[in-house]
Amino acid sequence: MSAGKAVISRRKFLIMSAAGLLVACSRSDDQATTGLAEESVAAPAWLPKLIGDQAAAARIGNAYLDLHPGHRSIDTLTTDIERSLVNYDATAVDLRDADRVASVLQRLVRHDYTVADVTSVDGWVLSTTEARIYALTALAL
Amino acid sequence: MFIDARNLPDQTVLETDLAIIGGGVAGITLARALADSGIRICLVEAGGLELDPQVQALYEGENVGIDYSTTATRLRYFGGSSNHWGGYTRPLDPIDFEQRDWVPHSGWPFSMEELLPWYKPATELTQIAPAHFDDAPYWEQETGATLPRPATGRMRFQFVHFSPPTRFGTEYREELETAPDIQVLLNANVTRIAAAENGRTVSRLDIRTLNNLTHQVRARRYVVAVGGLENARLLLLSNDVVKAGLGNHNDQVGRYFMEHPHLAGFAEIVAGDMGRLPKIMRERVRVQGRSAKVAFNPATDFLREERLLNATFMMGVARNYAAQPTPDQEEPRSSAHRDMLLAARRFLSDSDVDSTTDAADALGVWLGIGGSCEQAPNPDSRVSLSDSRDALDLPRLKLDWRLTEQDRVSFYTHMRSLALEFGALGLGRMLETIADKDNWPQPVAGGSHHMGTTRMSDDPTRGVVDRNCKVHDIENLYVAGSSTFPTSGSANPTLTLVALTLRLAQHLKEQMR
Ligand SMILES: Cc1cc2nc3c(=O)[nH]c(=O)nc-3n(C[C@H](O)[C@H](O)[C@H](O)COP(=O)(O)OP(=O)(O)OC[C@H]3O[C@@H](n4cnc5c(N)ncnc54)[C@H](O)[C@@H]3O)c2cc1C
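Listed in order, the protein sequences are those of chains A and B. The first sequence begins at 0 in numbering that gives the first Met the number 0 and counts up by one. The second sequence begins at 0 in numbering that gives the first Met the number 0 and counts up by one.
There are no misleading hints in this set.
Ranges of calculated distance between the beta carbons of each label pair, as one might list FRET restraints:
1) B:Ala-361 to A:Arg-106: 21 to 27 Å
2) A:Ala-54 to B:Val-408: 34 to 40 Å
3) B:Val-408 to A:Gly-69: 26 to 32 Å
4) A:Asp-96 to B:Asn-438: 47 to 53 Å
5) A:Asp-96 to B:Ser-110: 53 to 59 Å
6) A:His-67 to B:Val-408: 25 to 31 Å
7) A:Asp-96 to B:Ala-298: 35 to 41 Å
8) B:Glu-61 to A:Ala-54: 52 to 58 Å
9) B:Asp-379 to A:Ala-54: 48 to 54 Å
10) B:Val-408 to A:Asp-96: 42 to 48 Å
11) A:Asp-96 to B:Asp-349: 18 to 24 Å
12) A:Pro-68 to B:Glu-61: 50 to 56 Å
13) A:Gly-69 to B:Glu-139: 43 to 49 Å
Here are some chain A residues pointing at chain B (derived, C-beta under 8 Å):
14) Gly-51
15) Ala-55
16) Ala-56
17) Arg-58
18) Val-108
19) Arg-109
20) Tyr-112
21) Thr-113
22) Ala-115
23) Val-117
24) Gly-122
25) Trp-123
26) Glu-129
Where chain A lies over chain B, by a calculated footprint (3+ residues, C-beta under 8 Å):
27) 338-347
28) 418-430
Treat the hints as calculated values from the structure; they're not laboratory data. Because the structure is a prediction, the values reported are computed rather than measured. Note that CB positions come from ideal geometry on N, CA and C, so glycine has one too.
The shape of chain A in the complex, shown without the other chains (with noise of 0.2 Å):
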């Protein structure tokens, strides 16, 4: 599967749990489109705008994804960062744009410190999107 079409995949994902459709529709939906066999291996097209440095950025990744060993997929990953951005402002889901995503995203992750919605790695106190993000830094980039 290419990246275009896991991120249309998202895309679908993220408007539909915009429009409040998610908890009926998205695991069959996300299975039927995506599957595990069409497991994604590309960095979503945000992913470098917010890394100041990938080598580090991925250091920390690979210490997240020994506390979370279920979060090893890029899919995973990318799926809860996206969802979470609707979350946080649904104006946001035009994946396309990744500047505007990677805006949002620096938002939000000082949001998540706002909300204390944080998570320990070796020691840091980091907000749980970022996290996620130096995660799927270790994996795709």
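Fit chain B with the ligand to the given chain A structure using the hints.
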């Protein structure tokens, strides 16, 4: 006039109106404030004008609680502990005076309003006036730097001021020496506050010198001002008439000992963009001859909502990181800091996201954090008398400093708040270095702040002194100092104890007219 008690004829009796025991911050403040009142004062000080190891050794005590030095945290000579205090100065917060249903034994007999008129002259005595403790616009204007606005609702910024630090013994010595109504008796250890037979009035002070002379001071009124640990010890030592010790009818003297647990090395913050972390947040800034620095304190509403104790955090730059690591920055801790600064670079800047990798010369800094927490009043945290004796053959002080789970949870929550605040502001990331989150980080040190051992309460069964700092049930005995604080807040105590002492001076003026 200064008199050396070692040079007086043995068994001298001095008569005066007011005897102040202890020539430290509180004693000197009180004597000065009453200098022109027409009240004759005798200030009785255990030490001389300089540190004498033999005199200082009288401060040695027995420790049965958290490891604590009773000698390194105070000085026994004229000027008292101000001879080596750090000068960190800030008033208590209004909430510290309140009775908080989640803090056992909390509540002062009055609100902060009562002390406000005395805080101002206290800032003059500690040489930090005019003070702007809670005035961000003032500091923004004076420093030309915009301070970030707290974003989480958990924290707020206050401004700790730094006294030069005022050495009370040096700064105010000449005034006392030349004041016509003030006698300062040096090298005079008060060994007992002698009560009349009824146990309701004090009749005299018994004094011993280290060259074995004994003297007496007789006065109309007496003020104990020998420091937050020794105030309790001296009352307990004065047990010839009231067996439990003066003022101790209700077993309150010595209890509720509070420190400010000072924790270092519990967490580290890395910050990337110094342009967004104004200097006053990371180092002392000097404005118009005074210096100040930002303190991070919990927001009052957050304290109420989460039912927490108060705290103060301050930080300073521990290390600078350049874009290229220096050889000494390759050890694990620096590598971890550098990784975080590099990874989070985009999150720690205010510029719009782009994909360029601009390698500026400075990568960021490691900020060391100091934390000082309020501890809840605890009757089991206490000063009592030891079985061992000092060179004057008096029972030494026995200290049992204890902290509670409530204290620890509060501290930990506020530490988290600091991490969240730095994250929410996009300023930095916190690395928690506490090895065991379920226990106090070691070592827990104090701030040399001795509070609570003769606490103030309108109810004699719950305190030693009343709202005027008069010992319950004793007509002519008062206590000055931070031992009267019913709760400790998280601000360093000296400004507040000076304010309370000035208030006491006014009260005594009225009473002794
Ligand atoms: C290292 C250190 C740093 C500190 N830093 C700060 C700070 O930054 N900010 C802050 O607010 N506070 C600080 N403090 C605390 C501050 O010094 C005290 O709050 C203050 O000195 C207390 O004043 P006091 O008059 O009650 O006691 P003291 O200043 O200790 O004075 C007590 C006096 O009583 C005398 N005395 C004792 N026993 C007898 C006796 N039996 N008979 C006669 N005289 C006696 C002593 O010799 C002494 O002169 C610090 C203390 C230390 C030790």
